[in-house]
Each structure stands twice: as C-alpha cells, then as structure tokens.
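Letter by letter, the sequence shown follows residues 0 to 264 in my numbering.
Note that these hints are calculated values from the structure, not bench results. Please note that a few of the clues may not be correct.
[Said to hold, decoys possible] Derived DMTMM-like pairs: lysine to aspartate or glutamate, alpha-carbon spacing no greater than 25 Å straight-line:
1. Lys-247 <-> Asp-81
2. Lys-247 <-> Glu-15
3. Lys-102 <-> Asp-81
4. Lys-215 <-> Glu-248
5. Lys-256 <-> Glu-75
6. Lys-74 <-> Glu-89
7. Lys-191 <-> Glu-15
8. Lys-191 <-> Asp-234
9. Lys-215 <-> Asp-244
10. Lys-102 <-> Glu-89
11. Lys-74 <-> Glu-198
12. Lys-74 <-> Glu-255
13. Lys-191 <-> Glu-201
14. Lys-256 <-> Asp-244
15. Lys-191 <-> Asp-244
16. Lys-102 <-> Glu-228
17. Lys-256 <-> Asp-245
18. Lys-247 <-> Asp-234
19. Lys-256 <-> Asp-81
20. Lys-74 <-> Glu-201
21. Lys-102 <-> Asp-244
22. Lys-215 <-> Glu-37
23. Lys-74 <-> Glu-9
24. Lys-215 <-> Asp-52
25. Lys-102 <-> Asp-173
26. Lys-102 <-> Glu-47
27. Lys-74 <-> Glu-248
28. Lys-247 <-> Glu-232
29. Lys-215 <-> Asp-124
30. Lys-215 <-> Glu-48
31. Lys-102 <-> Glu-198
32. Lys-102 <-> Glu-164
33. Lys-247 <-> Glu-75
34. Lys-215 <-> Glu-198
35. Lys-215 <-> Glu-89
Here the structure is a predicted model, which means the values were calculated and not measured.
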Amino acid sequence: MADVETDEPESAATLERRRNIALITLNRPQALNAVNAEVSAALGAALEEFAADPGLRVAVVTGAGRAFCAGMDLKEAAAGRDVMDPLHPEWGFAGIVRHSIGKPLIAAVNGPALGGGAEIVLACDLVVADENATFGMPEVRHGLYPAAGGVLRLQHRVPRNIAREIALTGTPVDAATAARWGLFNRVAPSGKSVDVALELAERVAAGAPLAVHAVKQLMSWGEGQAEAEAWVENDRTFQEIRASDDAKEGPRAFAEKRTPHWTGR
C-alpha cells in the first residue's frame with residue numbers, strides 16, 4: 000500500500016498509516032516486546048493518535064521481531080521500576096488494557112503472546128495469529144496473576160474451564176487450539192499474520208464508521224458493565240498479591256535465572 004508514514008524507529012511503539020488503517024507495532028524486539036514504561040507510553044499515545052484521526056477507521060496491533068509480546072518486563076519489576084505510563088496510569092498496562100477506544104482493534108499475533116502480551120490480545124476486538132503463535136498466562140509461575148484484564152476477560156472469550164486451565168497452570172496453548180476454542184478469528188501461515196489482519200481490517204473499514212462504532216460499543220457494553228465492578232476487586236487483589244514475598248521472589252528468580260522458592264507469604 001502507498002503513502003506509508005512511520006514514527007521514529009527508536010520509538011517503543013510505531014504507527015504506520017495504510018490508507019484508512021493504522022498499523023501499530025510494539026518495537027522492543029530485542030526484549031521480545033516486553034512491556035516497560037516506555038512501551039506503555041508509546042502504545043497509549045499511538046492509540047490516542049489513531050482514535051483522534053478521522054481518516055483512520057481500524058487499527059492492527061502487532062509486534063516487531065519474533066514475538067508479539069512477552070508480557071511485563073520482569074527485570075524492570077525485579078528492579079522495582081513501574082511499567083505503566085507515568086502520565087496516563089488510567090490507560091492501564093501497556094497503555095491499552097483499560098484504554099477506551101471506540102474504533103475496532105485487531106491483534107496480529109506474530110509470535111508468542113504471553114502474560115501481559117496475552118492481555119493485550121484480549122484488549123483487542125478481533126485476533127489473527129501466525130500458525131506458530133502461542134498464547135499463555137504464566138503469571139502464577141512468577142508469583143503474580145493475570146491482573147491486566149486476563150482473569151476478567153478470558154472467561155468471556157473461551158469456555159470457563161478452559162480459561163481456568165490457562166490461568167491456573169500457566170501453560171501456553173498453540174494457535175490451532177486457541178482458534179478451535181474461538182479465541183483467535185484466523186490462523187495465518189507463518190509470517191503472514193499482519194497481512195491477513197490487514198485484509199480483515201479492510202473488510203471492517205469498508206463499513207460505515209458510525210455503524211461500526213455502534214456495533215463495537217454495544218457489543219462491549221454488557222462485558223464492560225460486568226468488568227467495571229470486577230476491576231475494583233481486581234485492583235484490590237493485585238495490590239495484596241504485589242505486596243507478598245512471593246511476588247518479589249518471582250521476578251527476582253527470573254532475573255537471576257533460577258527456580259523460584261515459594262513461601263506462600
């Protein structure tokens with residue numbers, strides 16, 4: 000497609016305009032696009048730019064390199080550094096999970112989407128994945144839990160017991176399995192998730208903008224109403240878990256490349 004405009008390459012997330020579609024790319028490939036404060040700020044800003052531009056109707060969100068997103072940067076957590084955008088904490092993890100965007104978002108899962116990466120996927124409306132992509136929530140293995148919408152949203156996307164197995168075991172699932180459960184809309188050949196997602200975005204963008212916005216708003220309304228109260232309890236529980244010894248041990252063990260020693264405290 001012609002007339003592609005790109006942010007500076009050092010940005011932690013970039014936005015390209017492809018006619019009326021925005022291609023937003025997480026851009027920390029050397030860290031498997033793990034989320035730190037810079038990623039949260041850059042992705043949140045890209046979504047704001049997309050939402051404010053009347054010429055852009057649909058956004059595709061993907062990752063640079065071989066991963067979609069490895070989740071929260073545990074080395075940052077181990078060092079005690081916050082991974083949220085300091086200027087917009089209300090946008091939530093990665094600047095997206097609690098960021099209300101009226102236009103459709105399509106995740107193009109080009110590789111592993113783990114932990115917070117899986118929660119970015121759940122913040123999108125449609126999902127296209129490479130055949131070699133994986134989806135998982137390993138937080139319990141690091142003394143944490145999927146607090147960026149994972150435990151709230153996953154159970155609305157797949158059968159309840161499947162959601163619990165994913166969250167309780169931390170075991171990733173492959174793309175074919177996720178598609179069979181209805182979590183992914185399309186499975187693309189290896190390396191083609193962005194192309195297939197852009198094709199899907201063009202089909203969505205062909206609809207009348209007001210009608211498309213209304214469909215998203217009303218389909219999200221019921222789930223959003225249920226989530227509003229659940230987020231309060233989610234945030235209370237997260238603060239409790241984050242203050243535990245195990246929550247400190249998990250990222251520390253990851254950074255030190257050793258098996259964590261859990262105490263249940």
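Lys-102 paired with Glu-228 [C-alpha distance capped at 25 Å]: Within the cut-off at roughly 24 Å; holds.
Straight-line alpha-carbon gap Lys-215 to Glu-248, limit 25 Å: Between Lys-215 and Glu-248 the Cα gap is close to 40 Å, so the pair fails against 25 Å, i.e. violated.
Pairwise hint evaluation, Asp-244 against Lys-256, where the allowed Cα distance is 25 Å at most: Holds: Lys-256 and Asp-244 sit about 18 Å apart, inside 25 Å.
Given pair status - Glu-47, Lys-102, alpha carbons within 25 Å: holds (11 Å)
Hinted pair Lys-102 and Asp-173, Cα distance within 25 Å: violated (28 Å)
Hint consistency between Lys-102 and Asp-244 [alpha-carbon to alpha-carbon, up to 25 Å]: Judged against 25 Å, a Cα distance of about 41 Å means the pair is violated.
Hint consistency between Lys-74 and Glu-9 [alpha-carbon to alpha-carbon, up to 25 Å]: Given pair Lys-74, Glu-9 holds - Cα atoms ~20 Å apart, limit 25 Å.
Hinted pair Lys-215 and Glu-48, Cα distance within 25 Å: holds (19 Å)
Pair hint Lys-215 and Asp-244, alpha-carbon separation not exceeding 25 Å: Between Lys-215 and Asp-244 the Cα gap is close to 41 Å, so the pair fails against 25 Å, i.e. violated.
Given pair status - Asp-234, Lys-191, alpha carbons within 25 Å: violated (37 Å)
Pairwise hint evaluation, Glu-89 against Lys-215, where the allowed Cα distance is 25 Å at most: holds (21 Å)
Holds or violated: Lys-215 to Asp-124, with C-alpha atoms at most 25 Å apart: holds (8 Å)
Hints 2, 3, 4, 8, 9, 11, 15, 20, 21, 22, 25, 32, counting from the list given before, are not met by this structure.
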